[in-house]
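**Q** Going down the list, the protein sequences come from chains A and B.
So for the first sequence, numbering that gives the first Met the number 0 puts the first residue at 0; every next one is plus one.
So for the second sequence, numbering that gives the first Met the number 0 puts the first residue at 0; every next one is plus one.
Simulated from the structure, these hints should not be mistaken for lab results.
Just to be clear, a hint being listed does not mean it is correct.
Computed from the model, here is a short list of chain A residues facing chain B with C-beta under 8 Å [as the list claims (entries may be wrong)]:
id	residue
1	193
2	215
3	227
4	229
5	243
6	261
7	266
8	273
9	276
10	379
Even glycine gets a Cβ: it sits at the ideal position worked out from N, Cα and C.
Protein chains: 2
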Amino acid sequence: MVEINGSRLEARLDQFAAIGATPKGGVNRQALTEGDRHARRLLTKLALARGFDVFQDQVANLFIRRRGRYDDLPPLMMGSHLDSQPTGGRFDGALGTLSAFEVLESLEDASVETERPIMAVSWTNEEGCRFAPGCMGSMAFSRGSIPGEWYEKTGSDGALFANELKSTIESLPEAPVRALGFPIYAYVEVHIEQGPSLEAEGIPVGVVTGIQGTRWLDIAVKGQTAHAGTTGLAYRRDPLGALTAALAQLYHNIMPSDPDARFTVGRISASPGSVNAIPDEVMCTVDIRHPQPERLDEIEKEVISAITYTADLQHCDVDISRTFEMPPCTFNQNLQEVIIAAAGQLDLEWKGMLSGAFHDALFVNRVAPACMIFVPCHKGLSHNEAEYVDSLHALAGCRLLADTATRLAAYGL
Amino acid sequence: MVEINGSRLEARLDQFAAIGATPKGGVNRQALTEGDRHARRLLTKLALARGFDVFQDQVANLFIRRRGRYDDLPPLMMGSHLDSQPTGGRFDGALGTLSAFEVLESLEDASVETERPIMAVSWTNEEGCRFAPGCMGSMAFSRGSIPGEWYEKTGSDGALFANELKSTIESLPEAPVRALGFPIYAYVEVHIEQGPSLEAEGIPVGVVTGIQGTRWLDIAVKGQTAHAGTTGLAYRRDPLGALTAALAQLYHNIMPSDPDARFTVGRISASPGSVNAIPDEVMCTVDIRHPQPERLDEIEKEVISAITYTADLQHCDVDISRTFEMPPCTFNQNLQEVIIAAAGQLDLEWKGMLSGAFHDALFVNRVAPACMIFVPCHKGLSHNEAEYVDSLHALAGCRLLADTATRLAAYGL
Numbered sequence: 000m001v002e003i004n005g006s007r008l009e010a011r012l013d014q015f016a017a018i019g020a021t022p023k024g025g026v027n028r029q030a031l032t033e034g035d036r037h038a039r040r041l042l043t044k045l046a047l048a049r050g051f052d053v054f055q056d057q058v059a060n061l062f063i064r065r066r067g068r069y070d071d072l073p074p075l076m077m078g079s080h081l082d083s084q085p086t087g088g089r090f091d092g093a094l095g096t097l098s099a100f101e102v103l104e105s106l107e108d109a110s111v112e113t114e115r116p117i118m119a120v121s122w123t124n125e126e127g128c129r130f131a132p133g134c135m136g137s138m139a140f141s142r143g144s145i146p147g148e149w150y151e152k153t154g155s156d157g158a159l160f161a162n163e164l165k166s167t168i169e170s171l172p173e174a175p176v177r178a179l180g181f182p183i184y185a186y187v188e189v190h191i192e193q194g195p196s197l198e199a200e201g202i203p204v205g206v207v208t209g210i211q212g213t214r215w216l217d218i219a220v221k222g223q224t225a226h227a228g229t230t231g232l233a234y235r236r237d238p239l240g241a242l243t244a245a246l247a248q249l250y251h252n253i254m255p256s257d258p259d260a261r262f263t264v265g266r267i268s269a270s271p272g273s274v275n276a277i278p279d280e281v282m283c284t285v286d287i288r289h290p291q292p293e294r295l296d297e298i299e300k301e302v303i304s305a306i307t308y309t310a311d312l313q314h315c316d317v318d319i320s321r322t323f324e325m326p327p328c329t330f331n332q333n334l335q336e337v338i339i340a341a342a343g344q345l346d347l348e349w350k351g352m353l354s355g356a357f358h359d360a361l362f363v364n365r366v367a368p369a370c371m372i373f374v375p376c377h378k379g380l381s382h383n384e385a386e387y388v389d390s391l392h393a394l395a396g397c398r399l400l401a402d403t404a405t406r407l408a409a410y411g412l
Numbered sequence: 000m001v002e003i004n005g006s007r008l009e010a011r012l013d014q015f016a017a018i019g020a021t022p023k024g025g026v027n028r029q030a031l032t033e034g035d036r037h038a039r040r041l042l043t044k045l046a047l048a049r050g051f052d053v054f055q056d057q058v059a060n061l062f063i064r065r066r067g068r069y070d071d072l073p074p075l076m077m078g079s080h081l082d083s084q085p086t087g088g089r090f091d092g093a094l095g096t097l098s099a100f101e102v103l104e105s106l107e108d109a110s111v112e113t114e115r116p117i118m119a120v121s122w123t124n125e126e127g128c129r130f131a132p133g134c135m136g137s138m139a140f141s142r143g144s145i146p147g148e149w150y151e152k153t154g155s156d157g158a159l160f161a162n163e164l165k166s167t168i169e170s171l172p173e174a175p176v177r178a179l180g181f182p183i184y185a186y187v188e189v190h191i192e193q194g195p196s197l198e199a200e201g202i203p204v205g206v207v208t209g210i211q212g213t214r215w216l217d218i219a220v221k222g223q224t225a226h227a228g229t230t231g232l233a234y235r236r237d238p239l240g241a242l243t244a245a246l247a248q249l250y251h252n253i254m255p256s257d258p259d260a261r262f263t264v265g266r267i268s269a270s271p272g273s274v275n276a277i278p279d280e281v282m283c284t285v286d287i288r289h290p291q292p293e294r295l296d297e298i299e300k301e302v303i304s305a306i307t308y309t310a311d312l313q314h315c316d317v318d319i320s321r322t323f324e325m326p327p328c329t330f331n332q333n334l335q336e337v338i339i340a341a342a343g344q345l346d347l348e349w350k351g352m353l354s355g356a357f358h359d360a361l362f363v364n365r366v367a368p369a370c371m372i373f374v375p376c377h378k379g380l381s382h383n384e385a386e387y388v389d390s391l392h393a394l395a396g397c398r399l400l401a402d403t404a405t406r407l408a409a410y411g412l
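So that you can see chain A by itself, here it is in the shape it has in the complex:
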């Protein structure tokens, strides 16, 4: 069992949190900005100082490689990302990337020779807040190419993706550029939970069984505006009456009847928006999540059917469109077992859990066995400058990663 250097991990987290630090203690280090380049240069410098190989690919994914005894075997890969939300926290992405690097350093400190090479990766633009979509780096890696339309994308700050990508790659001349995509043996990612359950249940690590699928719907219900005072019930075609009846039923049914389901309405509005006028149109968004594709279908049907039904009762018209879809992913079972065995040896309490949010592991899972280790974050806060991870939890996650990595590099799946 390799010994993790907890104070070094903590110092590294502080060091990287200083790059793009915000006054409120968070981080603004959006993808492909100068801050992101700064963080990449720092990680490269640290890696080269330890004698690791460093290279990047055409989408600026940054790889650090520690040689193995059988160095031509497909490497075991660990990592996450270094970019952040505009008012992001210190741990989202950085914890997984720096934990992976800490494992490499600890192996080096202990002069452990692994059978396979072991790598740490920082994927490009996981957040997707400057350039959409998120997870560009892991997505391009898993498909082996960059979708052509990405180059034309304009960032939230007006910058062109193609230019920012090129400048980012060129700002790291120490890291040669290699072709996108290469065989890997397995991938393990440490990440903060970004939800409250581990903290609430007092469990230090989660072994992630998969990532929920997501569907987004835009819903418009159209009726007829009319005077709130002069229009009796029989003459109303009230789209908000129809929509709230359906939503109340959906809130009542979907999540309480299925613990794996998520149903969220984040946006709602009515036009013309007069206090004394029945709306002529109301719109809302719906976010549906579920780990099983067939349940996503069923829930989407239930939403459409409930809204169509109540709209019909009010003689309203309905327009529903699916604006986003991400199929669920199930992480490799054997890989989960290795992590669980390592947790057992470390005497770490763990639970199996789904990830509600996307992660790079979702895309890597398309080309290699992948899995994730979650650590608790305070009150579930994330994408928030107040994001906080207890250093004991960070250390536990890193230890579990190290133990998992050495098992995988030695014995395999």
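Could you slot chain B onto chain A? The hints should help.
**A** The following block gives chain B in isolation, referenced to the frame of chain A:
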């Protein structure tokens, strides 16, 4: 029975609709604008040409007076308003004002001497769209003074009320300014229904029994924003889930169980308004109407109680404030009977009905017996350039007004 000149009434409606005419066939003649002054000058000119007395008061209410046999008796008054919404119709207000004037002209044509003097009035700023509140003229008349704060009001176009009022009064030097408020015997106002029921039921006139009271509530429900994917049901404090549960119940209960009740939510929103975030706060407006004050209280309590209950279930906080209140009014029963008797003699089918919207008659009713006669408007459309009244319906309303007025001027209540 005095003979109404239907083609003259129609020509007058056309003549006034030309003042502030919009390209889509509506009228933009907002209170105290040049268009409003133009309409007041035209009505004054027509009145002076018939030998009627014309005067105004300090809030620019415009009065036209035809002498009676006992000319010092309190006058019978008829009328409505000449101002419009920005994209208003040709009939809202103008029909009642010009019908009143038509009654005076018809009496003059027929050389009928009434016992009491009979007056037509055009109240200032009924609509309240340029300067709030609406019904300024009738409100000031009924209280005998202008609330001091009105003078400081800034219009939707930036104009100062005090200046616009002064200029409007000064633009009509033919009409001497008299003191606000004077005794009147009774007041009858013809108006378009602004709702669909008369047309739908094929009834040419409504005898208005009263005006619903109104309450407006601003409702905020506060929970906690969290990630749509990572936050399980047990960790949600979803204010929109709470609000829709309450609204669905209120839509289901209030109007279906009480045909006189009106419950409308015209505005709703959620913040931060992200498709993949549970809202931290949702707000909506509620418009409640009822003819009975105690039912207004009960419905308001029901709304507050339902929202508080569902918010508690979701561990959300509630902030409800009453932003507007207008008590209901019941029109004089004897006056209704006179109108009903007149309708009987004219062989006009009628129904008793409530007014859902405010009207000047609501305020006049505070100082004298008042009542209203509604005529159908096509599809209930009003505050809309497509507002339309069939000329037979306009004529029927005017005939009923004439017959009511002559009865009242002769026999009284």
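**Q** Give a verdict on every hint.
**A** Evaluated hints:
no.: 1; hint: 193; verdict: holds, 5 Å
no.: 2; hint: 215; verdict: holds, 5 Å
no.: 3; hint: 227; verdict: holds, 4 Å
no.: 4; hint: 229; verdict: holds, 3 Å
no.: 5; hint: 243; verdict: holds, 4 Å
no.: 6; hint: 261; verdict: holds, 6 Å
no.: 7; hint: 266; verdict: holds, 5 Å
no.: 8; hint: 273; verdict: holds, 5 Å
no.: 9; hint: 276; verdict: holds, 5 Å
no.: 10; hint: 379; verdict: holds, 6 Å
In this structure, none of the earlier numbered hints is contradicted; all agree with it.
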